[in-house]
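Chains as they are written, first to last, in this note's numbering: chain Y, 638 to 1091; chain W, 638 to 1091; chain D, 638 to 1091; chain E, 638 to 1091.
Because the hints were derived from the structure by calculation, they are not lab data. The reader is advised that the hints may include incorrect statements.
Identical chains blur together in the list; that is why a pair holds if it fits in one copy or across any two.
Unchecked claim - Below 25 Å or equal to it, Euclidean Cα-Cα: the simulated DSS-like pairs (lysine-lysine) are: (1) LYS844 - LYS724; (2) LYS658 - LYS894; (3) LYS894 - LYS1042; (4) LYS1064 - LYS891.
Spelled out from the first residue to the last, the chains are:
There are 4 protein chains.
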Amino acid sequence: MLFKRVESEGIAHYSYLVGDKNEAVVIDPRRDCDVYVKMSEKQGMSIRYILETHRHEDFIVGSVELSAKTGADILHADGHLEYGYGKILAEGKRISVGRLGIEAIDTPGHTLGSKSYVLYGPEGETWAVFSGDALFAGDVGRTDFMGRDRLEEMSGLLYESIQKIIGHDDGTLLCPAHGAGSVCGDSIADRVWTTIGLERKLNPKLKHGGKERFVSATAKMLDYPPYFRMMEERNLVGTPRLTEMPSPRSMSPKEFKYASKDSIILDARTELGFGSAHVPGSISIWADGIPSFGGWFLPYDRDILLVADGMEVQKTIRYLARMGYDNIKGYLVKAMLSWHMAGNASEGIITKTVQDLCKSIDNGSEDAWILDVRGDEEIAREGKLPYSHHIHITDLPERKNEVPKDREVHIFCGSGLRSMTAASLLKREGWKDLVVMLGGITSWNSLTCPLEED
Amino acid sequence: MLFKRVESEGIAHYSYLVGDKNEAVVIDPRRDCDVYVKMSEKQGMSIRYILETHRHEDFIVGSVELSAKTGADILHADGHLEYGYGKILAEGKRISVGRLGIEAIDTPGHTLGSKSYVLYGPEGETWAVFSGDALFAGDVGRTDFMGRDRLEEMSGLLYESIQKIIGHDDGTLLCPAHGAGSVCGDSIADRVWTTIGLERKLNPKLKHGGKERFVSATAKMLDYPPYFRMMEERNLVGTPRLTEMPSPRSMSPKEFKYASKDSIILDARTELGFGSAHVPGSISIWADGIPSFGGWFLPYDRDILLVADGMEVQKTIRYLARMGYDNIKGYLVKAMLSWHMAGNASEGIITKTVQDLCKSIDNGSEDAWILDVRGDEEIAREGKLPYSHHIHITDLPERKNEVPKDREVHIFCGSGLRSMTAASLLKREGWKDLVVMLGGITSWNSLTCPLEED
Amino acid sequence: MLFKRVESEGIAHYSYLVGDKNEAVVIDPRRDCDVYVKMSEKQGMSIRYILETHRHEDFIVGSVELSAKTGADILHADGHLEYGYGKILAEGKRISVGRLGIEAIDTPGHTLGSKSYVLYGPEGETWAVFSGDALFAGDVGRTDFMGRDRLEEMSGLLYESIQKIIGHDDGTLLCPAHGAGSVCGDSIADRVWTTIGLERKLNPKLKHGGKERFVSATAKMLDYPPYFRMMEERNLVGTPRLTEMPSPRSMSPKEFKYASKDSIILDARTELGFGSAHVPGSISIWADGIPSFGGWFLPYDRDILLVADGMEVQKTIRYLARMGYDNIKGYLVKAMLSWHMAGNASEGIITKTVQDLCKSIDNGSEDAWILDVRGDEEIAREGKLPYSHHIHITDLPERKNEVPKDREVHIFCGSGLRSMTAASLLKREGWKDLVVMLGGITSWNSLTCPLEED
Amino acid sequence: MLFKRVESEGIAHYSYLVGDKNEAVVIDPRRDCDVYVKMSEKQGMSIRYILETHRHEDFIVGSVELSAKTGADILHADGHLEYGYGKILAEGKRISVGRLGIEAIDTPGHTLGSKSYVLYGPEGETWAVFSGDALFAGDVGRTDFMGRDRLEEMSGLLYESIQKIIGHDDGTLLCPAHGAGSVCGDSIADRVWTTIGLERKLNPKLKHGGKERFVSATAKMLDYPPYFRMMEERNLVGTPRLTEMPSPRSMSPKEFKYASKDSIILDARTELGFGSAHVPGSISIWADGIPSFGGWFLPYDRDILLVADGMEVQKTIRYLARMGYDNIKGYLVKAMLSWHMAGNASEGIITKTVQDLCKSIDNGSEDAWILDVRGDEEIAREGKLPYSHHIHITDLPERKNEVPKDREVHIFCGSGLRSMTAASLLKREGWKDLVVMLGGITSWNSLTCPLEED
């Protein structure tokens, strides 16, 4: 028997490869899907089926790509949608993979047509449930995609769906489509493998006691990155194959400069490199932050140019491709080094560690305007800085005018990475006196600097 | 949080890498241990501890090697043994790894000092038990290492140990040191991930109802490959580091021939290549069969020479190193092709598919002496061939004289691979009229050829 | 400066990547062309140009593929052909790559429009000549592609072209499109790097003294593998991109058997595995022999199914793709092992080492019909077996009826590999009593067995 | 035949692997020598000999390491030295490798006992000369290692040695031990492959016309990095095997901070990351600059701690190992990100592009003290900045007091990388007002900013 979880970093997406004898199935494959083919070939298995738990909204599903490589049948959830590819596996229907059986059950709530899949072992035992975005470790799927009007309806549906899932024995493995860090749940737990039993015991969303309380606890509107709409659309019609896309080209500083006139520049280096020097006008999103934040700030309808450290170029392009960004036109060869040597000017953003700010706040004498771009829950969990102003980074484009232009602005997040993203966004809009606080709140708390009391 | 299982193919050994924040622990590492270092480094974690569940008898544990690379502390089970390295973690003692806790519990039975380790999550919940060779998926550890006299005592100890383990909640992950295919259990189930709940429901050894029945069901002597003694010894004193061993050298046919005078030749190609042509006197064990069968037929006190297909040379050497075979002197460059081109003679062993034998047995007219080298349980499970003689391959060296030298001998196993091993052993001892049946009993049953009725 | 030669094994094809500052050029790229992109990116260079020395006839040129990945301009030789892509670089025209210059010179003879390219270094010095198939190490290009009628004309053209090339200084590097082992020359020398000076001194074809003698020595018809026609056609119109081709699928024995009804089966294992057991009707061409022999015996207009050892599957597919074989439908998962276990019959071909034959020929008592499938030059170089019949393997399909069906046929080549190809071809046509001689003539000569005297 | 050049980046060291039939030889192997073993194994060759052209002074030769892996014989040059390993191959002696021959010739001058090796092809032709550090592309070896007193003597010896080498035919390949970028020559040309003919035509050092002029042109003292002494010593006694060295450990910020008390911190990130934030007291040498500059500024007798980007950690350690730095104790896990998050302070160094300076110099109004750390020849080649003070970076430790502490110091080099090294060295000694000019002179010249007239 073969059972592998494939994790896509960044979006914390989990897909699964399950096989027995010489057959295999993949649940919710990602777009760069060679990994499933190689693993199954090594075991002498052919991928026969591709199962989708729902129409994903946070990444391009790799079903079409993988099917083209393997000839596998694509079986959808969401029977009511008009897919451009594949077939539907209705509730109660079962496929077999070697001696294993997999049965579809309807578990709506996250989307209207979400399904889970129950895996039966060779002896007919219930072995695992692939719960998609219905039930996670320590969390449940968000229910706000149908809009505010249907929030409670969707949460109600999800409640019933979860009862179906946790009705299985405690010893059953629970295999969701996301782990900690995903935007598909509110606060997914950092529990790498989990079981029905562990969730029944530990999942705070399952402890509300009754549907009504569950609904009131989960029916809330969450952040909705603009790129979700694009993902939903593409996952419905079927995305063009990766191999049909033009590869981003390496560009000399001269070409890069020329092409940048009509493009958005994404700088995927970390906060320190960007702080020292970057191409004027660039947006800073460090490579590992792209799955979470790229979809908020990057366009699909304009060319994107990339600045990244040599070894991170391909990784960045891969991350972007997983989100359907097939509009990466090129990247700057040798990054800023070649930019500078070609005689081009760059700009910087000041970075500081927190010691001075800590002291001056302790003395009550701080003059800077402190901008905290963390999310609400982070602030609740990690503490609020005295005198700070809170604008979640994803709200910054809309609320930017709350930030003063005539004072020094100190920007805080958890580590300094998102602060630099925020700084780059503000700088593009004309702000000048920006300081990124290195180490962010984590550094602050390590030093036991003062927090605002509740 | 980081939680990875590392599987060593062949011996079906499972080791585990668990980390949180910037610390990690490895449970029962293998000797070629770069894999743990790389995985933990990628996450920014340092390996702080190495835990052993017991003194392993089927592979060289990599504790000393890994500790040399990382500076990690080695914590043993088996407090009564005099180890040449490391310290003991007593029952009830706990180490912490980031926000995680790991506590040792005594679970003797497989060995006198076996321990299991309970993993507690960040919220203090019981998340997993690393059960070593006490409890497997679908099986329990063997209890015969202390000899026949103490069999029942050890099974009794194991019964109590298992109660400790399965006393944890059903939803707890169960993480044993071996998967299906290992010789450390009788018949470990092909259930890749399991839980306390799944074992309570499915493990046949846990269904006997009471200690007495458990003891009578599990107290039995099993095959004991001769190399186990060597492993026990080395795992006690600490094995020399891999890097201190001389690397096997590539040898020209001339050098190989010269060196072969004082050496055992291991041919790690599959049955077909060996059947067509091999260096006279070679022992045939296909590469993937070495972890299971190498320890029965290969010596530690003589040089070993290797014949293997180009791309399998390093894998074969790695498999052998895991079993402590540091006496591989060299391998034949370009295998049989260079052997032949240098003008050397080779020998073959006849291979056949089963169709003719099937027919002749159906007609009751078969003259060949049929040797079946499968194990007892396989025969019970897959059926017995009519007119066949059964000698388990591991008993063949002792019982070889039961095989006639004056008749054609047809050799059967599950696929043909072990049959070729058996044929090579007999051929070294003077047998000549040997035929390996390709596809073995699997082919036989696919064709619905006749089986002996019970 | 960057200067890399990329060798494609098997066809002994040499392509070149040359770069300076941030620009690079590739001469005669192969179809699987990621290698050039990676090498140039690592140096921070963009590939600006792709040069072809002529319309290649022995492999699919990767110009279209590489241009799609990089945006590079394709510059052809052969100005008189109507290409479906690219532009012509006329004689005397020059491109620049950083501080380097490359100038086209007409060097017809191998084809009518063949070009060579002279590389000038930063100081304007002549540094290298890329001579395509005009001049090799120890050989010159064949001149028979325009047919027998124009042989002498073409050889005459080639003579003049070579004068142009060797007119450069002795210290100039000579960079041809092929190395030893290619079918594009008659007998290319095993001199891995060469210079104008070395060729002037050592190349036997340059020693004839005058055009007339050169023409009479080189104007000869050589083997013309049938796939050359297909290569010429595709290299003219531009081959579809690799990524648009369906990937060969892994097939279970059942699927494989079903698909084999309408397909040719290619067995890419070496002679020993094939000898022991193969799917009835298969053609044996060992993986590394495919570039040389695949084009003689494999069709473009029928599906091809593949049997290959696990680790050689992808390599075999890559080799076939380089020759434009995009009709590989699938491969047998786990090769013969799964075939046999599924209850299928296989067949074998007897293999023998040469000792017995050597003795019996020495005694003058050999009854077997000895078939030698080596080429003429090999026989001249390595010696002729007594009593042997010579049919070059590429002539075997046409001349097969010279081989008796009623006698044992012993097949000889250099090593045994081609003998098994020959045996498989004869077996498909009904021959039964075939024996492949392992080690071939190399073994024979190592043993100092008798050769026929001239 | 096998002929591969293996290039070690950074030190621009060339080693060579030459093989024929099943034998191979390596000339001047590097310490991380798996590459030779893998290449030769792939061809079915065994490495039989290791040749050294001289006792290298700029890297740890891998002879002992490679011999331990392969059993190859080590053959030295420098017969007068008392080596702790290997044997001497005297002038005129020849080894054979398959059909190839290699003959030693004495070519002293760079060192007293330097040898070159002439490679003869299968037909006895002179095919290549491995010239070690005697003759390079566009340069000759330095002759200053015996001290100023023997400078002219050594240059005289070298003159005679070079006559021996260039006495071979123009078409002979010339294979030196270094390429452009090495400190072993004065200014080695960027001519990737070269020949005797090309050198006779292009090498400026061969154009002086007579011994006397050659001596006066080449007898000069060059920079002598302090680590050379260590290399000479180790290459004489034989360096301990890499595998016997403890591996550097990943360290948490806390461990790193603790260990840093007794250690030197090397920061291998590029200038921009270092400029934004670094651990106070660190020395900045970007990874690719370590082979050239590490030996000037890093000690052998103190522990070294490393800060490097994740993917560059192993490369940096490898580069350091090649120079014998086996005293790397550990590296900071996740580099500065973890440092900051743990609440530690860091420092920065200001970086600027050149536009403003260009303007102010144009206006004659610049107040900053301009420090140019380039070498003499670079300044001669690329131009001298107006008002600048020149201290070559390798002289900076000795001449630092020429740099004012009470003025802003603008630091220039070719690109900005060495400037940051210089800035880090000055900062450790108490300088504060330092500015690194990004893009350096290359940027300056791209912008056509003013240069000092001669």
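As a check of your reading, is LYS1064 near LYS891 (CA-CA no more than 25 Å) within one copy, between copies, both or neither?
For LYS1064 and LYS891, the Cα distance is within 25 Å only inside one copy (24 Å; across copies 35 Å).
For LYS844 and LYS724, with the copy left unspecified, which applies at a CA distance of at most 25 Å: within, between, both, or neither?
neither (37 Å within a copy, 43 Å between copies)
Go through the copies and call it for LYS658 and LYS894: within, between, both or neither, with a Cα cutoff of 25 Å.
The answer is between: 18 Å across copies meets 25 Å, while 55 Å in one copy does not.
Regarding LYS894 and LYS1042, is the shortest C-alpha distance of 25 Å or less found within a copy, between copies, in both, or in neither?
neither (28 Å within a copy, 38 Å between copies)
The structure fails to meet hints 1 and 3 from the earlier list, while all remaining hints are met.
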